[in-house]
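Trainee: Which chain is which? The protein sequence lines are A and B, in order. So our numbering is basically just the index in the first sequence, starting at one, shifted up by 121. So our numbering is basically just the index in the second sequence, starting at one, shifted up by 23.
It should be emphasised that the hints constitute simulated quantities derived from the structure, not laboratory data. As the structure is a prediction and not an experimental result, all values here were calculated from the model. Heads up, the beta-carbon is just placed ideally off N, CA and C, and yes, glycines get one too. Heads up, a few of these hints could be off.
[As the list claims (entries may be wrong)] Interface residues of chain A toward chain B, partial, derived using beta-carbon atoms under 7 Å:
id : residue
1  : Ala-177
2  : Pro-181
3  : Ser-185
4  : Ala-371
5  : Gly-397
[As the list claims (entries may be wrong)] With a straight-line Cα cutoff of 20 Å, these simulated EDC-like cross-link-like pairs (lysine to aspartate or glutamate) come out:
id : chain 1 : residue 1 : chain 2 : residue 2
6  : A       : Lys-378   : B       : Glu-286
7  : A       : Lys-333   : B       : Glu-173
8  : A       : Lys-375   : B       : Asp-276
9  : A       : Lys-316   : B       : Glu-286
10 : A       : Lys-207   : A       : Asp-188
11 : A       : Lys-316   : A       : Asp-248
12 : A       : Lys-476   : A       : Glu-286
13 : A       : Lys-395   : B       : Glu-173
14 : A       : Lys-189   : A       : Asp-203
15 : A       : Lys-333   : B       : Glu-286
16 : A       : Lys-238   : B       : Glu-173
17 : A       : Lys-289   : A       : Glu-427
18 : A       : Lys-363   : A       : Asp-520
19 : A       : Lys-527   : B       : Glu-173
20 : A       : Lys-314   : B       : Glu-286
21 : A       : Lys-322   : B       : Asp-276
22 : A       : Lys-395   : A       : Glu-491
23 : A       : Lys-527   : B       : Glu-271
24 : A       : Lys-333   : A       : Glu-392
25 : A       : Lys-189   : B       : Asp-276
26 : A       : Lys-508   : A       : Glu-392
27 : A       : Lys-476   : A       : Glu-491
28 : A       : Lys-189   : A       : Glu-286
29 : A       : Lys-378   : B       : Asp-222
30 : A       : Lys-316   : A       : Glu-422
[Unchecked claim] Listed below are several chain A residues computed to face chain B (Cβ distance under 7 Å; list not exhaustive):
id : residue
31 : Asn-237
32 : Gly-250
33 : Lys-363
34 : Arg-383
35 : Arg-384
36 : Ile-385
37 : Ala-515
38 : Asp-517
39 : Ala-519
40 : Ala-523
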Amino acid sequence: MIRRRPPADPLVRDLVVAAQRSAVSRRQLLGGVGLGLGATALTACAPPPPPATAQALKLPTDVSTTDKVVRWANWTAYLDYDEETKQYPSLQGFIERTGIEATYSEDIEDNDAYYNKIRPQLIAGQDIGRDIFTFTDWMANRVIREQMCQPLELIRIPNANNMLEPLKDVSFDPGRTHSLTWQSGFAGIGYNKAKVGRELKSLDDLWADDLKGKVTVLSEFRDTVGCILLQQGVDISQPIGKAEFEKAVAEVEKRMKDGNIRRIKGNSYIEDLKTGNAVAGIVWSGDLFILRAETEDPNWEFVIPESGGTLWSDNLMVPITSTHRRNAEELMNYYYEPEVAAQVAAYVNYVSPVKGAKEVLAQTDPELAESPFIFPSEEYIAENNIKGFSALSAEDDADFSAIWQKVMGN
Amino acid sequence: MSALAHVGAGTAPGAPGAAAPQPTRKSKLAYLLLLPGAVWLLVFFVIPLVQLFTVSLQSQFPGYPGYYYRDVNVGNYWRALTEFAPHFGRSLLFAGLATFFAFCLAYPLAYAMAFKAGRWRGVMMILVIAPFFTSFILRTVAWRQILADEGPIASTLNALHLLPGGRITETWIAVVAGLTYNFLPFMVLPIYASLERADHRVIEAGGDLYANGFTTFRTVTLPMSMPGVLAGTLLTFIPAAGDYVNAELLGSDGTKMIGNVIESQFFKVLGGFPIAAALSFTLMALILALVFVYVRKFGTEELL
């Protein structure tokens with residue numbers, strides 16, 4: 122008999138061994154199966170070989186030409202919205218031009234919460250009812266690594282060439298084969314000047330006694346902890362050690378214990394600012410400008426803390442199970458037109474990734490076109506010590522997010 | 024579950040006619056009638072439960088967060104119990120408080136509805152049930168607005184210097200209040216049902232035997248409503264202990280309950296699935312044990 126290496130799986134191995142014996146009766150075989158099952162139960166404590174990470178992609182058949190639909194999951198306050206008509210004007214423009222029925226839902230409150238909700242469905246190959254989802258850099262990194270998004274046919278998105286140069290070659294998606302930037306933004310201090318009664322400039326100003334219990338911070342640890350790390354003199358664009366991370370987390374814990382921080386929250390912190398439960402906090406830049414417009418209160422201010430703020434981007438991607446990739450690509454192409462990008466930027470007040478949007482906006486609203494929060498110059502970013510949070514290894518990512526959940530009381 | 028059936032059924036079990044065993048045709052029909060429910064339970068309760076149990080024993084590939092292999096890792100349960108003991112304690116405490124307050128509010132209300140309401144009974148019934156017409160998430164969010172710092176309640180209390188922390192939302196008070204509010208109808212309805220069925224003549228007999236109003240209530244009315252009280256407390260306590268919406272929307276980072284931990288382990292921690300499953304099972308076991316002791320102590324034969 123030729124001796125070969127027995128299969129690794131104990132169940133299969135037992136079956137093979139049983140089959141190799143002479144005169145195999147059915148009873149013996151069944152016994153082998155029983156033995157195999159028993160062995161699986163007993164040897165279960167030894168970890169089997171780790172999962173294969175790189176597999177051939179199985180893309181679903183695209184039905185874009187027959188089923189003219191594209192369904193987009195995005196964050197709150199992230200697309201131009203008309204209160205009167207209850208419509209998204211730029212999206213309406215897309216529908217009129219292409220005839221593709223685009224639906225938009227504000228599904229995402231938190232990267233982790235949303236991705237972990239849909240991940241089991243994506244793994245099982247089920248449609249999640251969305252053809253575009255929008256994730257922050259680090260999560261986009263994970264989504265691409267886990268092969269949960271489809272490669273983009275850039276030839277169908279000619280406008281992608283309008284992307285700002287620094288964004289074209291990001292570390293998590295070289296050459297932008299899987300994702301396109303939707304918007305970028307800063308995390309820093311947001312507050313209501315009238316209610317606070319003075320200007321806030323640094324993180325220490327947030328921990329003032331009279332603001333106790335009126336401060337909200339973001340549940341996105343890369344922003345909250347990122348800002349604190351910057352204050353502690355750590356360059357967050359370089360790899361971050363666990364000790365440094367824990368030191369910054371301890372600061373958050375202290376501020377919570379002392380009653381300074383009211384709540385660590387996702388995107389719904391906007392509601393707390395509106396109802397007066399919070400008057401200041403670590404927030405995302407564009408939200409404060411939308412809040413200013415919505416409440417018609419010019420006192421809402423956003424500042425980059427003296428010690429620096431964080432810079433992040435959110436990225437459009439097509440879920441692996443979507444059957445409307447081409448429609449999604451058409452939508453991405455549309456939003457990379459400078460005119461459309463300017464229309465969105467004027468509303469959301471986040472950093473636009475599209476070249477030429479500034480010039481378009483300058484024609485209608487020259488003041489807005491000069492805003493460093495929409496079109497920041499390289500000098501502005503360098504002067505204000507604005508940094509992106511360094512990419513974490515899968516293990517550190519899991520480790521840090523577990524630590525962070527503890528801080529959040531979970 | 025028997026508590027629920029009890030609330031719905033108007034007649035006492037063991038009514039004549041059910042006792043005598045019938046020929047096989049009838050019992051076949053009984054099985055046939057049971058089939059849809061049994062299939063439902065199997066597909067949507069037993070199978071997910073078994074699946075959840077296998078998940079709770081899984082281990083993680085070292086170095087591959089988010090990937091699991093089948094295992095018999097009892098350590099998940101140990102971690103669930105030790106690491107999250109404060110959350111379990113908080114859940115039981117908050118649920119207990121909410122049950123207590125709901126009882127204090129519901130009993131007089133149910134009593135009034137059953138004995139004193141007269142023609143207003145129907146209106147009161149509708150008022151108790153009306154909140155169910157809107158989603159309970161929406162109603163809880165509405166409480167955020169009502170209890171907000173600049174809302175009417177908090178600002179009044181603050182003006183009177185009656186609010187030590189200066190706020191209601193993001194405190195345990197708001198969480199318990201939210202739980203009490205959300206589960207109040209589940210307490211009112213069973214108590215009302217058992218009071219309404221009570222024989223008025225028996226209560227009158229108490230007076231005839233020279234008992235004063237309080238004694239009659241203590242020795243006659245209250246014992247007669249015990250099945251309703253038992254059902255009501257269970258229907259309030261069990262869902263309240265597993266609730267995470269109130270703690271999430273009205274509470275703060277220091278008032279998280281076990282439901283929040285399960286949610287965060289499932290959805291927010293990479294590789295938290297086994298712990299979340301173990302937490303779910305521990306919670307189930309804990310509640311089952313508590314309910315068992317409680318029903319043993321206070322239960323009536325009618326209920327079990």
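Trainee: Determine for every hint whether it applies to the structure shown.
Mentor: Hint check:
{"no.": "1", "hint": "Ala-177", "in the structure": "violated (19 Å)"}
{"no.": "2", "hint": "Pro-181", "in the structure": "violated (23 Å)"}
{"no.": "3", "hint": "Ser-185", "in the structure": "violated (31 Å)"}
{"no.": "4", "hint": "Ala-371", "in the structure": "violated (15 Å)"}
{"no.": "5", "hint": "Gly-397", "in the structure": "holds (4 Å)"}
{"no.": "6", "hint": "A:Lys-378 - B:Glu-286", "in the structure": "violated (23 Å)"}
{"no.": "7", "hint": "A:Lys-333 - B:Glu-173", "in the structure": "holds (16 Å)"}
{"no.": "8", "hint": "A:Lys-375 - B:Asp-276", "in the structure": "holds (13 Å)"}
{"no.": "9", "hint": "A:Lys-316 - B:Glu-286", "in the structure": "violated (35 Å)"}
{"no.": "10", "hint": "A:Lys-207 - A:Asp-188", "in the structure": "violated (25 Å)"}
{"no.": "11", "hint": "A:Lys-316 - A:Asp-248", "in the structure": "violated (47 Å)"}
{"no.": "12", "hint": "A:Lys-476 - A:Glu-286", "in the structure": "holds (9 Å)"}
{"no.": "13", "hint": "A:Lys-395 - B:Glu-173", "in the structure": "holds (10 Å)"}
{"no.": "14", "hint": "A:Lys-189 - A:Asp-203", "in the structure": "violated (24 Å)"}
{"no.": "15", "hint": "A:Lys-333 - B:Glu-286", "in the structure": "violated (29 Å)"}
{"no.": "16", "hint": "A:Lys-238 - B:Glu-173", "in the structure": "violated (34 Å)"}
{"no.": "17", "hint": "A:Lys-289 - A:Glu-427", "in the structure": "violated (29 Å)"}
{"no.": "18", "hint": "A:Lys-363 - A:Asp-520", "in the structure": "holds (9 Å)"}
{"no.": "19", "hint": "A:Lys-527 - B:Glu-173", "in the structure": "violated (30 Å)"}
{"no.": "20", "hint": "A:Lys-314 - B:Glu-286", "in the structure": "violated (36 Å)"}
{"no.": "21", "hint": "A:Lys-322 - B:Asp-276", "in the structure": "violated (26 Å)"}
{"no.": "22", "hint": "A:Lys-395 - A:Glu-491", "in the structure": "violated (27 Å)"}
{"no.": "23", "hint": "A:Lys-527 - B:Glu-271", "in the structure": "holds (15 Å)"}
{"no.": "24", "hint": "A:Lys-333 - A:Glu-392", "in the structure": "holds (18 Å)"}
{"no.": "25", "hint": "A:Lys-189 - B:Asp-276", "in the structure": "violated (44 Å)"}
{"no.": "26", "hint": "A:Lys-508 - A:Glu-392", "in the structure": "violated (27 Å)"}
{"no.": "27", "hint": "A:Lys-476 - A:Glu-491", "in the structure": "holds (14 Å)"}
{"no.": "28", "hint": "A:Lys-189 - A:Glu-286", "in the structure": "violated (32 Å)"}
{"no.": "29", "hint": "A:Lys-378 - B:Asp-222", "in the structure": "violated (56 Å)"}
{"no.": "30", "hint": "A:Lys-316 - A:Glu-422", "in the structure": "holds (11 Å)"}
{"no.": "31", "hint": "Asn-237", "in the structure": "holds (4 Å)"}
{"no.": "32", "hint": "Gly-250", "in the structure": "violated (18 Å)"}
{"no.": "33", "hint": "Lys-363", "in the structure": "violated (15 Å)"}
{"no.": "34", "hint": "Arg-383", "in the structure": "holds (6 Å)"}
{"no.": "35", "hint": "Arg-384", "in the structure": "holds (6 Å)"}
{"no.": "36", "hint": "Ile-385", "in the structure": "holds (6 Å)"}
{"no.": "37", "hint": "Ala-515", "in the structure": "holds (5 Å)"}
{"no.": "38", "hint": "Asp-517", "in the structure": "violated (9 Å)"}
{"no.": "39", "hint": "Ala-519", "in the structure": "holds (3 Å)"}
{"no.": "40", "hint": "Ala-523", "in the structure": "holds (5 Å)"}
Figure legend: structure checked against the earlier numbered hints; hints not met, in rising order: 1, 2, 3, 4, 6, 9, 10, 11, 14, 15, 16, 17, 19, 20, 21, 22, 25, 26, 28, 29, 32, 33 and 38.
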